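> Next come the chains, spelled out residue by residue.
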Amino acid sequence: EPEVTQTPSHQVTQMGQEVILRCVPISNHLYFYWYRQILGQKVEFLVSFYNNEISEKSEIFDDQFSVERPDGSNFTLKIRSTKLEDSAMYFCASSPGLAVLGTQYFGPGTRLTVL
Amino acid sequence: RKEVEQDPGPFNVPEGATVAFNCTYSNSASQSFFWYRQDCRKEPKLLMSVYSSGNEDGRFTAQLNRASQYISLLIRDSKLSDSATYLCVVGFGNQFYFGTGTSLTVIP
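Heads up: the sequence lines are chains A and B, in that order.
For reference, each letter of the first sequence is one residue, going 1 to 115 in my numbering.
For reference, each letter of the second sequence is one residue, going 1001 to 1108 in my numbering.
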């Protein structure tokens, strides 16, 4: 069964450093998403991406964040200058069409620890 | 303002019991509704979509009441493997709002 993959599984970084989290969505999917989940809290929507541009983004997704689909398979989330409060699990998801009509498939997540 | 609210529980039930979870949402224009389950430190996995007509998948039944902005999930004949956190998810456009989740532990 096809699945969304994410690398690395755990990233440790120093405050102020840039990090890039990588995702490989399911190959025939068209919509891509990033979510984060701070430990013990709810899953929070960050951004959706379609046709090589941001479709929607939340208030959390400020200028420190950016997304890119650099080639036909990868989907990345960049945090330019990490803060302590960016420590969280980051989930990538993809869906074959608009997720209001069907399923989002989630990757296993990248745990980001900012020291 | 909380977009999606759930009782966090925990719900501790014996095997074979029936358990119900509820969820309310604040945006009356919400377009899509889902229940996901999340095991500890794992990714959310879709359990079922929720429709106004109600839908059933084996032991799981979901209901949506748009007038009351309320979603429910009923689990019958609980199994040990049902132990997880159940997430209510509401979508508007291509943006999705998760509840904090309701923790369920099924006890032998």
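By construction, these hints were calculated from the structure, which means they are not laboratory data.
No experiment lies behind these values; they were computed from the predicted model shown.
All C-beta atoms, glycine included, are put in the ideal place defined by N, C-alpha and C.
Worth double-checking, as some hints may not be accurate.
Unchecked claim - In silico DSSO-like links for lysine-lysine, alpha-carbon gap of 27 angstroms or less:
id, chain 1, residue 1, chain 2, residue 2
1, B, Lys-1045, A, Lys-57
2, B, Lys-1042, B, Lys-1079
3, A, Lys-42, A, Lys-78
4, A, Lys-42, A, Lys-83
5, B, Lys-1079, A, Lys-57
6, B, Lys-1042, A, Lys-42
7, B, Lys-1042, A, Lys-83
8, A, Lys-78, A, Lys-57
9, A, Lys-78, B, Lys-1079
10, A, Lys-42, A, Lys-57
11, A, Lys-57, B, Lys-1042
12, B, Lys-1079, A, Lys-83
13, B, Lys-1079, A, Lys-42
14, A, Lys-83, A, Lys-57
15, B, Lys-1079, B, Lys-1045
To be verified - Computed list of chain B residues with no C-beta within reach of chain A, every gap over 12 angstroms:
id, residue
16, Phe-1011
17, Thr-1018
18, Ser-1053
19, Glu-1056
20, Gln-1063
21, Pro-1108
Said to hold, decoys possible - Distance ranges between label pairs, derived from CB positions:
id, chain 1, residue 1, chain 2, residue 2, range
22, A, Arg-69, B, Ser-1028, 29 to 35 angstroms
23, B, Ser-1026, A, Ile-54, 40 to 46 angstroms
24, A, Glu-68, B, Gly-1058, 25 to 31 angstroms
25, A, Gly-72, B, Ser-1026, 35 to 41 angstroms
26, A, Pro-8, B, Ser-1053, 28 to 34 angstroms
27, B, Arg-1059, A, Lys-78, 40 to 46 angstroms
28, A, Thr-7, B, Ser-1068, 25 to 31 angstroms
29, A, Thr-13, B, Tyr-1070, 39 to 45 angstroms
30, A, Asp-71, B, Ser-1068, 43 to 49 angstroms
> Is the hinted range of 25 to 31 angstroms satisfied by the C-beta distance from Glu-68 of chain A to Gly-1058 of chain B?
About 40 angstroms separates the Cβ atoms of Glu-68 of chain A and Gly-1058 of chain B, which means 25 to 31 angstroms is violated.
> For the pair we were handed, Lys-83 of chain A and Lys-57 of chain A, check the Cα-Cα distance against 27 angstroms.
OK: Lys-83 of chain A and Lys-57 of chain A at ~20 angstroms, within 27 angstroms.
> Over 12 angstroms to the closest beta carbon of chain A is the bar; see if Glu-1056 of chain B clears it.
Given that every Cβ of chain A is farther than 12 angstroms from that of Glu-1056 of chain B, nearest at about 18 angstroms, it holds.
> Would you say Pro-1108 of chain B is clear of chain A, with no C-beta pair closer than or equal to 12 angstroms?
holds, 27 angstroms
> For the pair supplied as a hint, Lys-1042 of chain B and Lys-42 of chain A, confirm whether the alpha-carbon distance does not exceed 27 angstroms.
holds, 13 angstroms
> Sort out whether Lys-1079 of chain B lies within 27 angstroms of Lys-78 of chain A, counting only the CA atoms.
violated, 41 angstroms
> For the pair supplied as a hint, Lys-1042 of chain B and Lys-83 of chain A, confirm whether the alpha-carbon distance does not exceed 27 angstroms.
holds, 24 angstroms
> Does Lys-1079 of chain B pair with Lys-57 of chain A here, judged by a C-alpha cut-off of 27 angstroms?
violated, 38 angstroms
> Does Lys-42 of chain A pair with Lys-57 of chain A here, judged by a C-alpha cut-off of 27 angstroms?
holds, 17 angstroms
> Does Lys-1045 of chain B sit within 27 angstroms of Lys-1079 of chain B, going by the straight-line distance between their CA atoms?
Holds: Lys-1079 of chain B and Lys-1045 of chain B sit about 18 angstroms apart, inside 27 angstroms.
> Should the hint that Arg-69 of chain A and Ser-1028 of chain B are 29 to 35 angstroms apart at their CB atoms be regarded as holding?
Cβ of Arg-69 of chain A to Cβ of Ser-1028 of chain B: about 34 angstroms, so the range 29 to 35 angstroms holds.
> Is 43 to 49 angstroms respected by the C-beta to C-beta distance linking Asp-71 of chain A and Ser-1068 of chain B?
The hint (43 to 49 angstroms, Cβ to Cβ) holds, given that Asp-71 of chain A and Ser-1068 of chain B are roughly 47 angstroms apart.
The structure fails hints 5, 9, 12, 23, 24, 26 and 28 (numbered hints given earlier, in ascending order).
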